[in-house]
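2 protein chains.
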Amino acid sequence: MPKLYDCDISGSCYKIRLFLNILGVAYDAVAVDFVNKEHKTSPYLALNPFGEIPIFEDGELRLRDAQAILVYVAGKYDKTRQWFPEDATSQGKIAQWLSTGGGEVMNAAAARLVKVLSYPLDLEKLHAGANRVFKIMDDHLAHRQFLELDRPTIADIACFPYTALAGEGGIDLSAYKNVLAWIERIKRLPGFIPMPGIPVAA
Amino acid sequence: MPKLYDCDISGSCYKIRLFLNILGVAYDAVAVDFVNKEHKTSPYLALNPFGEIPIFEDGELRLRDAQAILVYVAGKYDKTRQWFPEDATSQGKIAQWLSTGGGEVMNAAAARLVKVLSYPLDLEKLHAGANRVFKIMDDHLAHRQFLELDRPTIADIACFPYTALAGEGGIDLSAYKNVLAWIERIKRLPGFIPMPGIPVAA
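In order, the protein sequence lines correspond to chains A and B.
If you count by the numbering used here, then the first sequence holds residues 1 to 202, one letter each, in order.
If you count by the numbering used here, then the second sequence holds residues 1001 to 1202, one letter each, in order.
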């Protein structure tokens, strides 16, 4: 059974929990004490020298990076291949948002660390970066139900958690109506599970 | 014929030029005036709202993000599928380094912008981030010829340019012997092309 090094309050770990639950894949979870930086201790640095969670193990394979894990899980466990299809065009389109989910959207994740765990980061700059990407996503979603392919893919899973958690970082999403509608749409997907700060649909 | 919105001094654009040349794919290049921020003007923001290059067009498809473009080009034009194989394990392993190439390695890219174009960024912090990832890559390459699969893949293409350009950002790679050997190995791949700051192998 695959193993996820996990933390309930990590949006990055939640990406994996959410996707595994949607696909109906059973796994073992190992709870990592993120608040006390257990993922920065030597046993964890031996598993992932970048000092980050999630970490995913499946047989002999060990992977770091939430987006890379989504790519693997889609290829391995989604027999329909609808979440990360095999053709070049679909993979390229989706990979754009894997970069965004691990990149620009992480401004919102870092803002949350400032607000919730008092990380010494530049909140104003993080808010500006987060608002920039949410505006782009909002425009992009004006005539789309999901980020690519007119259906849910790992592009959505990669961008969803820290967008939905933006309020915890002091970011107001109310101007981004299409983003808010997209969040509700994801919450209604079969297999959706909540996390602290992301409740089920009203 | 595909079209690349390109700039000769951009390491991100070079990722695409290098990979297309290795695969022997003909393309049209559109020169973008990066130094004068042409990519931030409205015609370019209409092509990519993130205000970044490269942008890649192929028929009806338009893609942003160097890593996403590598994924597409590999799937579309590499008939051997050795650069981004179709199996889940290979794709997951490679996707880790796509994240690193678009993430941590960009500390070195930003340091270069400080040194070469006087961008007002925190050079000390960027150097620390770059040295952290180069140490990880150096350890990882201690018993490997390439980042994954024991052969060149788009993982290497994604991480190579800004590693090889690190000196222009004031970062000394001399402590990272395995990284230096890997750079030389990439320079000897069939189809390798140089860019300003990355000469051909000695």
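These are calculated hints, taken from the structure and not from any lab test.
Predicted, not measured: the structure shown is a model, and the values here were computed from it.
Every residue gets a Cβ at the ideal spot worked out from N, C-alpha and C, and that includes glycine.
Heads up, some of the hints might be wrong.
In silico lysine-lysine, DSS-like type, Cα no more than 25 Å apart, as pairs [what the hints assert, rightly or not]: (1) A:K79 x B:K1135; (2) B:K1115 x A:K125; (3) A:K79 x B:K1125; (4) A:K115 x B:K1177; (5) B:K1135 x A:K37; (6) B:K1076 x B:K1115; (7) B:K1135 x B:K1187; (8) A:K37 x B:K1125; (9) A:K40 x B:K1187; (10) B:K1125 x A:K76; (11) A:K135 x B:K1115; (12) B:K1037 x B:K1135; (13) B:K1037 x A:K125; (14) B:K1076 x A:K125; (15) A:K135 x B:K1177; (16) B:K1135 x B:K1115; (17) B:K1125 x A:K125; (18) B:K1040 x A:K40.
Which chain A residues face chain B? A few, computed with CB under 10 Å, are given here [stated by the list, open to error]: (19) A31; (20) F34; (21) N36; (22) D65; (23) Q91; (24) G92; (25) Q145; (26) D172; (27) L173; (28) N178; (29) L180; (30) A181.
Partial chain A-side listing against chain B, Cβ under 10 Å, derived [to be verified]: (31) S174; (32) K177; (33) I198.
Results of checking the hints against the structure:
no.: 1; hint: A:K79 x B:K1135; result: 38 Å, violated
no.: 2; hint: B:K1115 x A:K125; result: 22 Å, holds
no.: 3; hint: A:K79 x B:K1125; result: 44 Å, violated
no.: 4; hint: A:K115 x B:K1177; result: 41 Å, violated
no.: 5; hint: B:K1135 x A:K37; result: 21 Å, holds
no.: 6; hint: B:K1076 x B:K1115; result: 37 Å, violated
no.: 7; hint: B:K1135 x B:K1187; result: 21 Å, holds
no.: 8; hint: A:K37 x B:K1125; result: 20 Å, holds
no.: 9; hint: A:K40 x B:K1187; result: 35 Å, violated
no.: 10; hint: B:K1125 x A:K76; result: 38 Å, violated
no.: 11; hint: A:K135 x B:K1115; result: 31 Å, violated
no.: 12; hint: B:K1037 x B:K1135; result: 32 Å, violated
no.: 13; hint: B:K1037 x A:K125; result: 20 Å, holds
no.: 14; hint: B:K1076 x A:K125; result: 38 Å, violated
no.: 15; hint: A:K135 x B:K1177; result: 43 Å, violated
no.: 16; hint: B:K1135 x B:K1115; result: 22 Å, holds
no.: 17; hint: B:K1125 x A:K125; result: 15 Å, holds
no.: 18; hint: B:K1040 x A:K40; result: 38 Å, violated
no.: 19; hint: A31; result: 23 Å, violated
no.: 20; hint: F34; result: 19 Å, violated
no.: 21; hint: N36; result: 21 Å, violated
no.: 22; hint: D65; result: 5 Å, holds
no.: 23; hint: Q91; result: 5 Å, holds
no.: 24; hint: G92; result: 3 Å, holds
no.: 25; hint: Q145; result: 19 Å, violated
no.: 26; hint: D172; result: 21 Å, violated
no.: 27; hint: L173; result: 18 Å, violated
no.: 28; hint: N178; result: 14 Å, violated
no.: 29; hint: L180; result: 19 Å, violated
no.: 30; hint: A181; result: 19 Å, violated
no.: 31; hint: S174; result: 21 Å, violated
no.: 32; hint: K177; result: 17 Å, violated
no.: 33; hint: I198; result: 23 Å, violated
Checked against the numbered hints given earlier, the structure breaks hints 1, 3, 4, 6, 9, 10, 11, 12, 14, 15, 18, 19, 20, 21, 25, 26, 27, 28, 29, 30, 31, 32 and 33 and satisfies all the rest.
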